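From first to last, the protein sequence lines are chains A and B. Just so we're aligned, residue 1 is where the first sequence starts under UniProt numbering, counting upward by one. Just so we're aligned, residue 1 is where the second sequence starts under UniProt numbering, counting upward by one.
I should point out that these hints are in silico values taken from the structure, not numbers from a laboratory. In this text, all values refer to a predicted model and were calculated from it rather than measured experimentally. In this text, a Cβ means the ideal position worked out from N, Cα and C, and glycines have one as well. Some hints here could point you the wrong way.
Stated by the list, open to error - Which residues of chain B face chain A? A partial, calculated answer using Cβ under 10 Å:
no.	residue
1	VAL57
2	ARG137
3	LEU157
4	PHE162
5	LEU203
6	ALA206
7	ARG208
8	ILE221
9	TRP242
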Amino acid sequence: MRWRTAMAWKGAAFTVPFFAGFALFTVVPVLMALSKSMYSTRSSGLGFGEPVVTFSGLENFTRGLTDGRFWGSMWRVALFSVIVIPLIQVVSLLMALMLDAIRRRLAARFRLALLIPYMIPGIVQTLIWIYLYSPVVGPLSPFFRWFGLDVNFYSGDLIWVSIGNLMAWGGVGFTMLIVYGALQAVPAEIFDSARVDGASEWRIAWYIKVPFVRRSLVLVSVLSIIGTLQIFSDPLLFRSMTPETVNKDFTPIMMIYNQAFAEGNFNYASALSIILALVVGVVSAIFYRLTNRAPV
Amino acid sequence: MTTLLDPATTRPEPAAPGPVPRRRRTRPDDLPAGVNPSKTSRALVILGLLLFAVYSVAPLWWMVVAATKNQSDLYTTNGLWFADNHLWENLRSLVTYNDGIFLRWMVNTLVYGITGTVGMAVICVACGYGLAMYDFRGRGVLMGCVIGSFLVPGALLTIPSFLLLTELKMVNTPWAVIIPGFFSAFSVYLAKVYAEGAIPRELLEAARIDGAGELRIFLQIGARLMSTGAATVFLLGFVGSWNSFFGPLIFLRGEEKWTVMLGLYHWLNIKMDQSVDLTSLVVVGSFISLIPMVVLMLSMQRYWRSGITLGSMK
Chain A
1 MRWRTAMAWK GAAFTVPFFA GFALFTVVPV LMALSKSMYS TRSSGLGFGE PVVTFSGLEN
61 FTRGLTDGRF WGSMWRVALF SVIVIPLIQV VSLLMALMLD AIRRRLAARF RLALLIPYMI
121 PGIVQTLIWI YLYSPVVGPL SPFFRWFGLD VNFYSGDLIW VSIGNLMAWG GVGFTMLIVY
181 GALQAVPAEI FDSARVDGAS EWRIAWYIKV PFVRRSLVLV SVLSIIGTLQ IFSDPLLFRS
241 MTPETVNKDF TPIMMIYNQA FAEGNFNYAS ALSIILALVV GVVSAIFYRL TNRAPV
Chain B
1 MTTLLDPATT RPEPAAPGPV PRRRRTRPDD LPAGVNPSKT SRALVILGLL LFAVYSVAPL
61 WWMVVAATKN QSDLYTTNGL WFADNHLWEN LRSLVTYNDG IFLRWMVNTL VYGITGTVGM
121 AVICVACGYG LAMYDFRGRG VLMGCVIGSF LVPGALLTIP SFLLLTELKM VNTPWAVIIP
181 GFFSAFSVYL AKVYAEGAIP RELLEAARID GAGELRIFLQ IGARLMSTGA ATVFLLGFVG
241 SWNSFFGPLI FLRGEEKWTV MLGLYHWLNI KMDQSVDLTS LVVVGSFISL IPMVVLMLSM
301 QRYWRSGITL GSMK
């Protein structure tokens, strides 16, 4: 038995490089964020001399919890997620069900077309839509003007619709692929027996297929929530085009980025990062519990 | 958690492209037995898919068309159809603008991507293999760390990572975007699930009885059996690295160190700051930068599709 233990420890050695790096680049930064957030840096007196670092306890957190700009950005992003994520899930589910209802060879072609946006780098996705929305270069404004509508995609009213459409365009293919994969794993006998019982294809889709892919949808939703609350590069690129609509504290991460790199306040930025991480964690946990409690 | 995985997806699939058909379909026209949907509903379904396919592809079409136009045609002609072809001139100005900085960015992105992803694949595949093939004490805890870290928002890590890398004197060097990328929990998870499906433990026992050391077993048996899984890990990692934006934005200052995504963002901003209009360069540059990704994803569909389906079933 001795040599077996020795062998197991040799096996554990294969995991050492990863976990050493993991500790350094994941665990250490979390601890650093916790310690940084407990301190404050103040320039002494009239701004002359070395800045002084003092222990300030939870002061940064109380400031963060009552910071209107931060919570404003948080609500903005939360409201956006609540509308856009379910919409993307529903459209993806619909696409997957439709693909599942047609001939396999045809479905493979359509699937490839729907996956094209997923293959495009995120920044390029945003750049493409920024130009499509643009009143000067984009074809969308003339298109709507043709119908007598004067639409400005960069305006404050429409900016979230614009970003939401961009996210849907880039995200539906991926979710559809996962849902479609889950649908393929359903044993065919179930459908056969439902058909023998006289169920219509619509009823089969709604009462059998949808419940089967619920787990996958819940999982993708949780990951989407985690991602969307941290949305950064899309609004940052939109800010390049329309700085008056997308201000520098437009989303929580933009505010954190701005605090750290424009104002140099790493202590406050760390505290805000921790608050955001807690919010993301709590929201994901609640969502997971709520959606998984209902009987499948 | 891994018991939920369909064994058919965890095992290395034969070289046939496309998903393995799991539902038996006996009728020649490929539809399930007993299905007789009306013609109108079939037509509706196809129409719906067709509309969405157009929505998916049209923006890319606009970009291809726009890449062939010169600056004035870009503003004046119909965006969805070609005007005079200026693609070669556009490409020439792309590679000559600012002493060919765009090529520099492309090379940087490629170099960072390859070094980062090779290192990541070696470290993460070895770790996944160790977690899958050996029962040592603490394995469950380590696996918990890997899965738990999926839920740690990247937001929490960015600011302190910057501070840490400043301490390590790595900020503003390529290492700042390469080395942290070595340690990808998702890749470890993927490699572990893959190893469990691909490597029979009995084979390792047999090699041990023949007197092979653990390292040699990994290199000569484990690594070979895991080659498809390793390719998946590499592909997803490389694409992620090519597309990454936040890391390079924070860690790299001088423009000669930038990646192509960061460079395009910089050009987009120049339009606002100065009176130069780089729109045409941004469009052509974006188009060139997406070609390697689309080609890679199209030619290696089998790998990333199995990768994301595996990942989604955790």
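Grab the minimum C-beta distance from ARG137/B to chain A and call the hint holds if it beats 10 Å, violated otherwise.
-> Interface hint status for ARG137/B: holds (8 Å vs cutoff 10 Å).
Holds or violated: ILE221/B as interface residue toward chain A, Cβ cutoff 10 Å?
-> Hint violated; ILE221/B Cβ to chain A Cβ min 13 Å, cut 10 Å.
Using 10 Å as the Cβ threshold, decide whether TRP242/B counts as touching chain A.
-> holds, 7 Å
When the nearest CB of chain A is found for PHE162/B, is that gap smaller than 10 Å?
-> Where the cut-off is 10 Å and the nearest Cβ of chain A is about 7 Å from PHE162/B, the hint holds.
Chain A contact restraint for VAL57/B - C-beta distance below 10 Å = holds, 6 Å
Have a go at the ARG208/B hint: is there a Cβ in chain A nearer than 10 Å to its own Cβ?
-> holds, 7 Å
With a cut-off of 10 Å on the beta carbons, see whether ALA206/B makes it to chain A.
-> Result: violated, 14 Å to nearest chain A Cβ.
Supplied contact hint for LEU203/B, tested at 10 Å Cβ to chain A = violated, 15 Å
How about LEU157/B: closest beta carbon in chain A under 10 Å, or not?
-> At about 5 Å, which falls below the 10 Å cut-off, the nearest Cβ of chain A leaves the hint on LEU157/B intact, so it holds.
Violated hints for the displayed structure, listed by number in ascending order: 5, 6, 8.
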